[in-house]
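> Using the working numbering, read the sequence shown as starting at 97 and increasing by one per residue.
By construction, these hints were calculated from the structure, which means they are not laboratory data. Worth double-checking, as some hints may not be accurate.
As the list claims (entries may be wrong) - Pairwise CB distance ranges (calculated):
id, residue 1, residue 2, range
1, G435, V530, 30 to 40 Å
2, R376, K684, 48 to 58 Å
3, D202, A290, 49 to 59 Å
To be verified - Here are the simulated BS3-like pairs of lysine-lysine, each with C-alpha atoms no more than 27 Å apart in a straight line:
id, residue 1, residue 2
4, K867, K768
5, K661, K684
6, K556, K661
7, K684, K556
Beta carbons are placed, not taken as given, at the ideal position from N, Cα and C, and that holds for glycine.
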Amino acid sequence: MRVILIVAAWLVALAPLSAVPAAARSLAVDDLLNLEELGQVSIAPGERWMVAEVRGPYAAAASFQGDYYGRLATSRLYRVNLDRPGPAELLLGAGGGYVAGPIAPDGRAMVVYRLSEAEGWRGGVLNLADRSVRWLEGAPDYGVLGRTAQWRSSAEVVFIRRRGANLPVRLRLGWNAMAQLPELWRRADRGEAAVSVAGSGRFSDMRPSLPTSELVVFNARTGAEKILARDAFVDLEISPDGRHVAALVAGRLAAPSTPGPLRSGETLQRHTLQVIDLERGGISRPLAGADILPGLLAWSPVHNIVLIFSRRPDQPWREGALAQIDAATGRGQTAPAGGLAPEVSIGADGTVSVRAGWLGRDPVILARDRGARRADWYALHADGPRNLTALAPAPPSRIVASTHRGLLLDAADGVWSIDTRGRAVRLAVGEGWVSAEPPQPAMRLSLNAPPARDWTALLKAGPGARLMRAGPAGQAAPDHLPAGRLIALGAASSAVLQVDEQGVGRLQVKGIGGAASALTLNAALADITPARVARLDAPGGVAHWLYLPPTSGSDQAKPPGAVQKPSGGWPMVVVAYPGAIYREPPSKYAPGALTFYTNPQLLAAQGYAVLVPSLPRASTTEPMQGLTAQILAAANLATASGEIDRDRVALWGHSFGGYAAMAAATETQRFKAVIASAGISDLANYWGAIAPDFAVSPELGAASDWGQGWVEKNAGMGGPPWTARERYARNSPFTYADQIETPMLLIQGDQDSIGLGQAQALFSALHRQDKPAVLATYWGESHVITSPGNVRDMYARVFAFLAQTLAPSQDHADGGSRTAPRPL
């Protein structure tokens, strides 16, 4: 069915994306809490084995410490024999907590991690054939920058192993303060000193030293190990001949050295490099005093030189340069860039990166020549740089495959092949084929570690999707591919994840010996009736997404689990997030997605329509400028569809969306209820906030730079509070608390980096005026409420709050809401 509406002189299409199945029930909070997720899926070299990591059911975890712990604690590993594909076999014990690592070059063994209440975090090597494990002493790291374990050969693997605290920092986030505070309180109770100290400026040395780790080479066949070095290692890359390892070392925190606003995610941590001889044990520390950019550790395929990107500590990254480090001598020299400006990118999260690699003996980099309108890929020869992609209509964005003979690069018009002589040719594969390389598990690997092969994967989507492996030597006959998301790829095998309308996932595997459905995830969702999703086309070419409660049309029988539509239309909750642009329905709001906040599927199951609007914003716009008008325009578009009761509309936002909800409450009474979870009411206060994890343990390496970066750049304040006092005040909802009349529910976790003070300050202001507000503080929670008991309580409170504040008027009171009011 397609309904065309004329609204304010433009056409709006309200088009359901899926039919309503005759399922048996609506989605419940416990369905969300018992979801499974597919983690890493790897195809072993030689393509005999595929290993899949399955996490969940989420609520089955023995502990919910921090942001990642609960998910990994339920992880299980499965294998599929690609010679005879069939249902996946459980690799290790059913107790869970097993996490996949890299697979050995001969495809027979794999690094495996184990998280358990009894033993904490461990690492070892799993034999994929007989399922035996040889465990490493101590706790290996588990990082996000690049590699913390890599195979040197089919027998030896190099680990970064943590000393002291058992859990890696990544698994301690959101929980570290809770773990450390009881002992600090006991010390104070005993009359002892209980203090955490951080220094700045000439007192910077007062900050505790960073945790020391060890670089260890481990023989998986004999169990022997050798400690190579001790320092604060965070990333490693082994040379192609296995002789050397380049290791990134986290150094001291430093104040921003460049002018202009900070960005969230723009680390103030300095990094250095060590190159270690794995045979003789020698260690070199090249480029002393330089700051090394995480995201690039690229060894030449033909000689022992590693490529990095560095700057002086007083330079901005855009003035940095590529450097080549000779492993034999330990010396570094700047690559001959010939006046090129490296294309330094800054991601949405503030991460700084460059794109670079090797073409035979020459470094290559994405850079701009003086006065050029676009960036291109250049080979840096000793006699000067050479533009490799001048013939491409648009510059290729990334290297998708690499060998010592050439590169394959992905561009808007297809994949380009470039050989060592610099000859560039677009692969002649026909129209409609796009790059389909599966994602890599870590930041550096996704940026600058393309697979070492002379072909790449191309996909032609649509009915009867096809997968082609193509390179400069030609292409193989396309394979027919099941509809879904390609998540693993080999020369003759692949894995596709299919997820249906109810959220049931199926891992479809193709190997040398045939094809099979290997795994099913979230089978319990098969009988739910999901929300109906409709598109609203708005002016400016943006789309909003309207989630409607599961109900029957006039020509359909009412399915079980459906909700009776009120005579006045559905009550609606607007879920707002400034800057979001949704060209498709957000995947995080699909029935099988483990999204605990602002979940439209759960709200729709309770009889609420949910509007998820696109809210584009310019980087130069102040955060409150025009925001309420944008949200209201989207809400008005939805109410004009005839599906919505315009007098029963609420607003819910999380994080920056929580800020938006607070801001809108100060400027309009159009909404009958406002919910703000993890919202920011006072920008100046958040600018200086230090997360509890790092306040208790300054040695973990972070201070207040995330909040400072978010406020200065993401929120658009342009600098610290003392440089823009009025700008901060006029964009802080707390400043206008006297103008709030709408009932508010404020939700906040005590371990959140934004601090309890944000919700507390606004609640106190409303309480001072005797205005209707509820403050729900969840203990042991970070930026997202994740403990099952707290998730259940949060949604019960949200449903009760909406039932009370969006109750139908007497004119059309007909029991449209499915949840009876309860005490808040």
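> Now tell me if each hint is right for this structure.
Evaluated hints:
{"no.": "1", "hint": "G435 <-> V530: 30 to 40 Å", "result": "holds (34 Å)"}
{"no.": "2", "hint": "R376 <-> K684: 48 to 58 Å", "result": "holds (50 Å)"}
{"no.": "3", "hint": "D202 <-> A290: 49 to 59 Å", "result": "holds (52 Å)"}
{"no.": "4", "hint": "K867 <-> K768", "result": "holds (14 Å)"}
{"no.": "5", "hint": "K661 <-> K684", "result": "holds (26 Å)"}
{"no.": "6", "hint": "K556 <-> K661", "result": "violated (41 Å)"}
{"no.": "7", "hint": "K684 <-> K556", "result": "holds (25 Å)"}
Against the hints set out earlier in the document, a violation occurs for number 6 only.
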